[in-house]
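Engineer: Going down the list, the protein sequences come from chains A and B. Residue numbers are given in the numbering used here: position 136 of the first sequence equals residue 148, and the series is strictly consecutive. Residue numbers are given in the numbering used here: position 108 of the second sequence equals residue 120, and the series is strictly consecutive.
Be careful, since some hints might not be right.
Identical copies look the same in the list; a pair holds intra-copy or inter-copy alike.
[As the list claims (entries may be wrong)] Straight-line alpha carbon distances no greater than 30 Å define the calculated DSS-like cross-link-like pairs of lysine-lysine that follow: (1) Lys-179 <-> Lys-117; (2) Lys-137 <-> Lys-178; (3) Lys-193 <-> Lys-163; (4) Lys-117 <-> Lys-163; (5) Lys-77 <-> Lys-16; (6) Lys-94 <-> Lys-163; (7) Lys-77 <-> Lys-163; (8) Lys-179 <-> Lys-193; (9) Lys-178 <-> Lys-117; (10) Lys-137 <-> Lys-113; (11) Lys-193 <-> Lys-113; (12) Lys-16 <-> Lys-117; (13) Lys-16 <-> Lys-94; (14) Lys-77 <-> Lys-94; (15) Lys-137 <-> Lys-163.
For the record, the hints were derived by calculation from the structure and aren't laboratory data. Computed from a predicted structure; not experimentally measured.
2 protein chains.
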Amino acid sequence: MDTKRIVFGGSGGQGVITAAIILAEAAAIHEGLNAVQTQSYGPEARGGATRSDVVISEEPIRYPKVIHPHFLVCLTQEAYNKFSNLIRPGGLLLADTHTVKQVRKVDARQVALGMYDAVMEQIGKPVVFNLCVLGAFIGLTRVVQAESIVKVLETRMPADFLEINKKALQLGLQLAAASPK
Amino acid sequence: MDTKRIVFGGSGGQGVITAAIILAEAAAIHEGLNAVQTQSYGPEARGGATRSDVVISEEPIRYPKVIHPHFLVCLTQEAYNKFSNLIRPGGLLLADTHTVKQVRKVDARQVALGMYDAVMEQIGKPVVFNLCVLGAFIGLTRVVQAESIVKVLETRMPADFLEINKKALQLGLQLAAASPK
């Protein structure tokens, strides 16, 4: 696998950082890859914006931050407006249709999925939105296997919470599978 | 404030990453500083070791990883053995007496506190060990105010869990205040 540079952008409370950490742990602990996960907090943190960077590679990772992501996830309009021009040509941009209303043309595959709406309709707990996003993300990008994500979840949470997180992950995978190719 | 480079070392499940994120958010959101928080997962992640780096500065932060920390927290013997020789001369090394049994001479102030034992005796919930560590850490280093940590906690958890986390934070502050100068 070539090195993959990924940015998750959203706002506090959406579980963006947790999703990034779970992805990095899945890659490193269960797939034998190297992973680095970073968040930077500058003045923008006061506005509630959250960005987390993940680099996954078979090689040792020298520079942990992401300038131009191969894969970009935008969970707020603010994140979309700020980061969408950073994507690498030919990359993939995943946005949520409920939280990102206005998209522009980018030199990348752009997939807008109703992840938030599906979570609210089918699970009813916004707290697992981040796992649905992670499911859609790995369904589209194949960066790690779903089983590796589940293994990380199993070590991190009690049984009842695990169940709805796994359900949200599956929901995301289904949305990705049904998206236009 | 000069730039502070901090390493938290421990094992999965001790809440090391959460503590680092809370510290970075407290500095950035409530004290107007810049902060970067990173974790790297390499082959050592398979062994359960966890390391999280935090850089806090008044200036923009160019390099997010820590080579030689001013402040080092070691919550397992493995973390101690691996990281204690990295500390900057004149820095501060905080270790837990329950989880780190063997210490060596380092060119830094070394403080071993019974944080785990105090949490188990006075609160009885190992899940808040990380907040006790964070309390002791800020008590010793004054990197951020306790109030800033509390503000972050208030946005992150439900009321009942908040209470025992605040109690653990206070316990850590008390242990730091009572430690030999």
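Engineer: All hints, please: hold or fail.
Structural biologist: Hint check results:
| no. | hint | verdict |
| --- | --- | --- |
| 1 | Lys-179 <-> Lys-117 | neither (32 Å within a copy, 51 Å between copies) |
| 2 | Lys-137 <-> Lys-178 | both (13 Å within a copy, 27 Å between copies) |
| 3 | Lys-193 <-> Lys-163 | within (28 Å within a copy, 44 Å between copies) |
| 4 | Lys-117 <-> Lys-163 | neither (37 Å within a copy, 39 Å between copies) |
| 5 | Lys-77 <-> Lys-16 | both (12 Å within a copy, 19 Å between copies) |
| 6 | Lys-94 <-> Lys-163 | between (33 Å within a copy, 27 Å between copies) |
| 7 | Lys-77 <-> Lys-163 | both (26 Å within a copy, 28 Å between copies) |
| 8 | Lys-179 <-> Lys-193 | within (24 Å within a copy, 52 Å between copies) |
| 9 | Lys-178 <-> Lys-117 | neither (33 Å within a copy, 47 Å between copies) |
| 10 | Lys-137 <-> Lys-113 | within (22 Å within a copy, 44 Å between copies) |
| 11 | Lys-193 <-> Lys-113 | within (21 Å within a copy, 57 Å between copies) |
| 12 | Lys-16 <-> Lys-117 | within (22 Å within a copy, 41 Å between copies) |
| 13 | Lys-16 <-> Lys-94 | both (20 Å within a copy, 28 Å between copies) |
| 14 | Lys-77 <-> Lys-94 | both (16 Å within a copy, 24 Å between copies) |
| 15 | Lys-137 <-> Lys-163 | both (22 Å within a copy, 25 Å between copies) |
Violated hints, in rising order: 1, 4, 9; the structure is consistent with all others.
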